[in-house]
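> In order, the protein sequence lines correspond to chains U and G. Throughout the first sequence, residue numbering follows the numbering used here, covering 1 to 113 in sequence. Throughout the second sequence, residue numbering follows the numbering used here, covering 1 to 116 in sequence.
Be aware that a few hints might be false.
[Said to hold, decoys possible] Short, incomplete list of chain U residues facing chain G, as computed with Cβ under 10 Å:
#1 S83
#2 L87
#3 R100
[What the hints assert, rightly or not] Sample of chain G residues lacking proximity to chain U, with all beta carbon distances greater than 10 Å (derived):
#4 V12
#5 G16
#6 K24
#7 V53
#8 P54
#9 I55
#10 D56
#11 R64
#12 T104
#13 V115
[Claimed, not checked] Stretches of chain U that chain G covers, calculated by requiring three or more beta carbons in the stretch to come under 8 Å of a beta carbon on chain G:
#14 42-48
#15 103-111
Since the hints were derived computationally from the structure, they do not count as laboratory data. A quick note: this is a predicted structure, and the numbers were derived from the prediction, not measured. Ideal Cβ positions, reconstructed from N, Cα and C, are used throughout, including at glycine.
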Amino acid sequence: GQNIDQPTEMTATEGAIVQINCTYQTSGFNGLFWYQQHAGEAPTFLSYNVLDGLEEKGRFSSFLSRSKGYSYLLLKELQMKDSASYLCAATTDRGSTLGRLYFGRGTQLTVWP
Amino acid sequence: DAGVIQSPRHEVTEMGQEVTLRCKPISGHDYLFWYRQTMMRGLELLIYFNNNVPIDDSGMPEDRFSAKMPNASFSTLKIQPSEPRDSAVYFCASSLISRLVTDTQYFGPGTRLTVL
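Produce the complete structure using the sequences and hints provided.
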């Protein structure tokens, strides 16, 4: 089976740093996606990790540890517009589930002024 | 590129009526996914296609739901008859799978369905 866990809610203050964790138990794990979803909108792609380590993209960074089944999304210099749901999703190796993403329930981040 | 296109954006219908949701994937993409999102259950995969062929429909709730992809540029999700518990946001997403490109899924804007 596939199991993706992430916290339901987090809050932080504008200008701060927040880390959103995701743990996964995925047969044939291949890579880990992070998506951002603002209220009333569609999920949009943020990052993709397939190798261990940190990938940095401006204020956002994503980390993966394949041996620990763990990833996190790091958001720096938080802005009000970062208030959104952040979805973690795993892909599997090229087999019968090719192309499919297994999504977590999402972490609702609220940024306060 | 126009991105994934879905129609209608909003649909309000009465219980028992047939509902048809439409999706146009990004040109050149070979995978198409239908998702349903609710507060209670999060984002659920209903069915997905590869080169117009259904690969996995195990997420389709019951026989009232059906999906087709007659060609590479169009797919429909039909609910007949609809029930209030079908009220949700339905997303269509597409992706391109190859050895050179990651399997990022791009989502359409969604159809917000309300069944009264």
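> Please write out, lowest number first, the hints stated earlier that are contradicted by the structure.
Of the numbered hints given earlier, those the structure breaks are 1, 9, 10 and 12, listed in rising order.
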